[in-house]
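Chemist: Below, each chain spelled out in residue letters.
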Amino acid sequence: MAKEERQVPEDSLEKDAAGAESIKEDNPLAEEAVEDGGRESGLEEQRRVNLASRWMEGSGPESDIVISSRVRLARNVGGITFPSLASDEQRKKVYTMMNEVVGSQQDKFSSFELIDMESLSSIERQVYVEKHLISPLLARGGRFSALLLREDEVVSIMINEEDHFRIQCLLPGLNLDKSWQESTKFDDCLEKQVDYAFHEQLGYLAACPTNVGTGLRASVMVHLPALVITRQINRILSAVNQVGLAIRGLYGEGTEAAGNLFQVSNQVTLGQSEDEILQNLYSITGQLVKQEKNARELLLNEGREKVADRAGRAFGILMNARIIASDEAMRLLSDVRLGVDMGLLKNVTARSLNELLVLTRPGCLQYLKGKPLSPYERDLERAVQIQKCLS
Amino acid sequence: MLCGECGKKNASVHLTKIVNGGKTEIYLCDSCAREKGELEFPFEGKFPLHQFFSGLIGLVPAAGSDAPASQRGGVQCSGCGLTYAQFGQIGRFGCDRCYDSFGENLHSLFRRLHSNQKHVGKIPARACSHLMHKREIEELKRKLQESVMKEEFEEAARLRDRIRKLEEGVSSGGDSDG
Ligand SMILES: [Zn+2]
Ligand SMILES: [Zn+2]
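Residue numbers (the working numbering), protein chains in the order written: chain A, 1 to 391; chain E, 1 to 178.
Just so you know, these hints were derived from the structure itself, not from any lab.
No experiment lies behind these values; they were computed from the predicted model shown.
Among the hints, a few may not be true.
Claimed, not checked - To give an idea of the interface, some chain E residues facing chain A are shown, with a C-beta separation under 10 Å as derived from the structure:
#: 1; residue: Gly7
#: 2; residue: Ala11
#: 3; residue: Ser31
#: 4; residue: Cys80
#: 5; residue: Gly94
#: 6; residue: Leu109
#: 7; residue: Gln117
#: 8; residue: His119
#: 9; residue: Ile123
#: 10; residue: Ala127
#: 11; residue: Leu131
#: 12; residue: Glu151
Unchecked claim - Between beta-carbon pairs, the in silico distance windows are:
#: 13; chain 1: E; residue 1: Glu136; chain 2: A; residue 2: Glu276; range: 15 to 25 Å
#: 14; chain 1: A; residue 1: Asp177; chain 2: E; residue 2: Gly7; range: 42 to 52 Å
#: 15; chain 1: E; residue 1: Glu136; chain 2: A; residue 2: Leu300; range: 47 to 57 Å
#: 16; chain 1: A; residue 1: Tyr376; chain 2: E; residue 2: Val75; range: 21 to 31 Å
#: 17; chain 1: E; residue 1: Gly7; chain 2: A; residue 2: Gly103; range: 47 to 57 Å
#: 18; chain 1: E; residue 1: Leu131; chain 2: A; residue 2: Leu300; range: 49 to 59 Å
#: 19; chain 1: E; residue 1: Lys118; chain 2: A; residue 2: Asp195; range: 20 to 30 Å
#: 20; chain 1: A; residue 1: Gln105; chain 2: E; residue 2: Lys165; range: 26 to 36 Å
#: 21; chain 1: E; residue 1: Gly81; chain 2: A; residue 2: Arg351; range: 17 to 27 Å
#: 22; chain 1: E; residue 1: Gly4; chain 2: A; residue 2: Arg231; range: 30 to 40 Å
#: 23; chain 1: A; residue 1: Gly370; chain 2: E; residue 2: Glu104; range: 31 to 41 Å
By construction, the Cβ of each residue, glycine as well, lies at the ideal position given by its N, Cα and C atoms.
Model the full assembly from the supplied sequences, consistent with the hints where possible.
Modeler: Following this line, the structure appears as structure tokens:
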């Protein structure tokens, strides 16, 4: 295929980088402001954070059960201390390296934006965490910690997280292959200019021994309400654990998964190729989908009206509540989603339900309100946002 | 004690934050701690890796041990100065050289965490072209053996020639490097 040369206005990326640099150098208050729990900000001063992401589209293969697929690669630069123990100077070196890659491969990075953690309020950072674009660790910031984010929010690269670089691709539906292809493509871009910490025997060297080897963590977010209702979930959870995958509730306390949402991911990163890891996760996810579909079938046959009633009641509460806590919202949204997926509830889209997974989190609510909120105020605002989104 | 955030539930998580040299103590309930993202830090997943590790690497120092601190700490990384004991506590390496510094100590850890101790995945193309080369040759040799078994001698001859060519490439490349 012919290589397409795309001309990017020369100053666009460079300027961003330079601008970011000057904030760091000249603004000694930046760090303090963030530690204070974020700068005081009315709505107009807030950074414009997009609240929707591609992964919330509710599209893609098996999207009635698999909400999103994610692949992330842990990569480090050889000879530079890992971020948690690194000096500011070393962290800056890594940050600059990323800037140089972006600057010299503009065809690949033209739609990316570099976002310094220090330039964000703590609420804005939390929004990115809730959108699954950054980890809580990156949100804690530190000098020269940044997020390189593509416009569609499908590809993101965390800089100076636990590892120097974490390349992530997040897509809607069961889409592990595509996620891998995108991630490895950007990994190649970095590798053209960065000397990775790589060991012949051990592969890519990571800060955590659970990531050494491929540095690959692949995961899917799945909605398994029928398996929970039919009390099969515990058996399934232990079966999945036994084949070397980790499965856990995405939200909620302890072993209970609020909203019946689970994350399944690989645990082993050394001794298996990327392909094996992805295949394994893919086939187990396929099994989960099949089991959940069977359980839904069972519910339809044995208690169709009960499921419809439950969904309808949940919708009624969501549309009329004035004060609603996070756990309750998650539970009701799961009931509504099941009703929608089974064709028992109309006029609600998977997309709005996915968006609500994020919109009802504390960071987003505070972001939308433009100020810090107490838990009670959040419960009020949550009800408002749910009704706005579902009507 | 009640949670400092919501004031409703009992606090179950105790955090000590050090900000600009000043210590802040925070008591939170489970759900508030999770909302704050504190519980997840710095771990992926929710299992307490640090305990897990110190158990795994057999480095929980006995109370009242006579050994001097330096010895109890074990090996120290020549790159970042992290000791093996510190590694056991935080469950994180300090730099890429830690892997060599701690060397054989890590074998049992990797064996427990992973299926195998040899990386078989992606290789950085620019830095490790020689490794890719080596893998390609290994793969061809495997195919060669297969075709010999199946008595596909034409194919075998072709493969043998390609292997020869690649191996010449490796050694000449190696020579110019050294
Ligand atoms: Zn609380
Ligand atoms: Zn080290």
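Chemist: Work down the list of hints and note, for each, if the structure agrees.
Modeler: Structure-based check of each hint:
Satisfaction of the interface hint for E/Gly7 is found here, the shortest Cβ-Cβ separation to chain A being roughly 8 Å, below the 10 Å cut-off. With its C-beta approaching chain A no nearer than about 14 Å, E/Ala11 sits outside the 10 Å limit, and its interface hint is violated. Residue-level restraint check for E/Ser31 holds (minimum Cβ-Cβ distance to chain A is 6 Å; threshold 10 Å). Annotation: interface hint on E/Cys80 holds; nearest CB of chain A at approximately 5 Å, less than 10 Å.
At a threshold of 10 Å, the smallest CB-CB gap from E/Gly94 to chain A is about 4 Å, leaving the interface hint in force. For E/Leu109, the interface hint holds, since its Cβ comes within 10 Å of a Cβ in chain A; the closest pair sits about 6 Å apart. Of the supplied interface hints, the one on E/Gln117 holds, with its beta-carbon coming within about 7 Å of a beta-carbon of chain A, less than 10 Å. With a least beta-carbon distance of about 3 Å to chain A, the hint placing E/His119 at the interface is held under the 10 Å criterion.
Proximity of E/Ile123 to chain A holds as hinted, the smallest CB-CB distance being about 7 Å (cut-off 10 Å). Satisfaction of the interface hint for E/Ala127 is found here, the shortest Cβ-Cβ separation to chain A being roughly 6 Å, below the 10 Å cut-off. Because the closest C-beta pair between E/Leu131 and chain A is about 6 Å apart, less than 10 Å, the hint holds. Using the Cβ-Cβ criterion of 10 Å, the hint placing E/Glu151 at the interface with chain A is not satisfied: the shortest such distance is roughly 30 Å.
A beta carbon spacing of about 19 Å between E/Glu136 and A/Glu276 agrees with the range 15 to 25 Å that was offered as a hint. In this structure the hint that A/Asp177 and E/Gly7 lie 42 to 52 Å apart at CB holds, the actual value being about 48 Å. Restraint check, E/Glu136 to A/Leu300: a C-beta distance of roughly 53 Å satisfies the suggested window 47 to 57 Å. At roughly 53 Å, the beta carbons of A/Tyr376 and E/Val75 sit outside the given window of 21 to 31 Å.
For the pair E/Gly7 and A/Gly103, the beta carbons lie near 50 Å from each other, so the given range of 47 to 57 Å is met. For E/Leu131 and A/Leu300, the Cβ-Cβ distance of about 54 Å falls inside the hinted range of 49 to 59 Å, so the restraint holds. In this structure, E/Lys118 and A/Asp195 meet the distance hint of 20 to 30 Å, their C-beta atoms being roughly 22 Å apart. Between A/Gln105 and E/Lys165 the beta carbon distance is about 33 Å. The supplied range of 26 to 36 Å therefore holds.
One distance hint, 17 to 27 Å for the beta-carbon pair E/Gly81 and A/Arg351, is violated here, with the actual separation near 50 Å. Checked against the given bound of 30 to 40 Å, the beta carbons of E/Gly4 and A/Arg231, roughly 37 Å apart, stay inside it. Between A/Gly370 and E/Glu104 the CB atoms are about 56 Å apart, so this pair departs from the stated range of 31 to 41 Å.
Of the hints listed earlier, those the structure fails to meet are numbers 2, 12, 16, 21 and 23, in rising order.
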